[in-house]
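Novice: Protein chains in written order, with my numbering: chain A, 466 to 579; chain B, 693 to 807.
Hints listed in this document are in silico derivations from the structure and should not be mistaken for laboratory results. Heads up, the beta-carbon is just placed ideally off N, CA and C, and yes, glycines get one too. Treat each hint with caution, since some may be false.
[Claimed, not checked] Only pairs whose alpha carbons sit at most 25 Å apart, straight line, appear in this in silico BS3-like list of lysine-lysine:
#1 B:LYS788 <-> A:LYS536
#2 B:LYS788 <-> B:LYS746
#3 B:LYS746 <-> A:LYS522
#4 B:LYS697 <-> B:LYS746
#5 B:LYS748 <-> B:LYS763
#6 B:LYS748 <-> A:LYS522
[Said to hold, decoys possible] Reference listing, derived: stretches of chain A covered by chain B, where coverage requires no fewer than 3 residues with Cβ under 8 Å from a Cβ of chain B:
#7 502 to 514
#8 571 to 577
[Said to hold, decoys possible] Short, incomplete list of chain A residues facing chain B, as computed with Cβ under 8 Å:
#9 PRO526
#10 TYR529
#11 PHE555
#12 ASN565
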Amino acid sequence: EAQVTQNPRYLITVTGKKLTVTCSQNMNHEYMSWYRQDPGLGLRQIYYSMNVEVTDKGDVPEGYKVSRKEKRNFPLILESPSPNQTSLYFCATSPRGSYNYGYTFGSGTRLTVV
Amino acid sequence: DQQVKQNSPSLSVQEGRISILNCDYTNSMFDYFLWYKKYPAEGPTFLISISSIKDKNEDGRFTVFLNKSAKHLSLHIVPSQPGDSAVYFCAASRLKMNRDDKIIFGKGTRLHILP
């Protein structure tokens, strides 16, 4: 079954404690991206990756890091989380041909930073 | 600057009636438009799309209309069912994507289907 898997689904952590949210896909998609969803702000892109070892900043990259060492994985790293990073996070993937195929989203990770 | 705008944060519609969700965009380079549906505790799922060479695309109960001159699109759901209660995101992009192209999302409209 084609899927995008995020872990964990829920996480409560304290300010400053480094954490990683994992994203894995089994569809051989080149393009992977992280979004955060906040009330009244919709979906905002954090980082994206066109392919292995290629990553770029999205609209709200501050406080986040990513890496793309393998095609299937695209972890989101919060080196020193702060309460304003409390949000619902989604990983999204897409085959990156010349045509737009839309995104497949993971089920989300609800992060609370206290 | 919001390139994709959904001006109604929420909408309530009686079961069996038509639901109309609206979306406006500002970037005339957009030529591909998508609607995603999102239930609580789940990721958004693709619903329907339309390219700018068409002004209408139908898939079962869902129809998307595109008015290029007005830079406006709408999603019609007929008839509305309880399972349609969800948040709907409008999104816009280019059909042929270059490296820096991406899909831009609106803020979403929460649709409530009333019994």
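Novice: When the structure is checked against the list of hints, which entries are broken? Sort them ascending.
Specialist: Those not satisfied are hints 3, 6, 9, 10.
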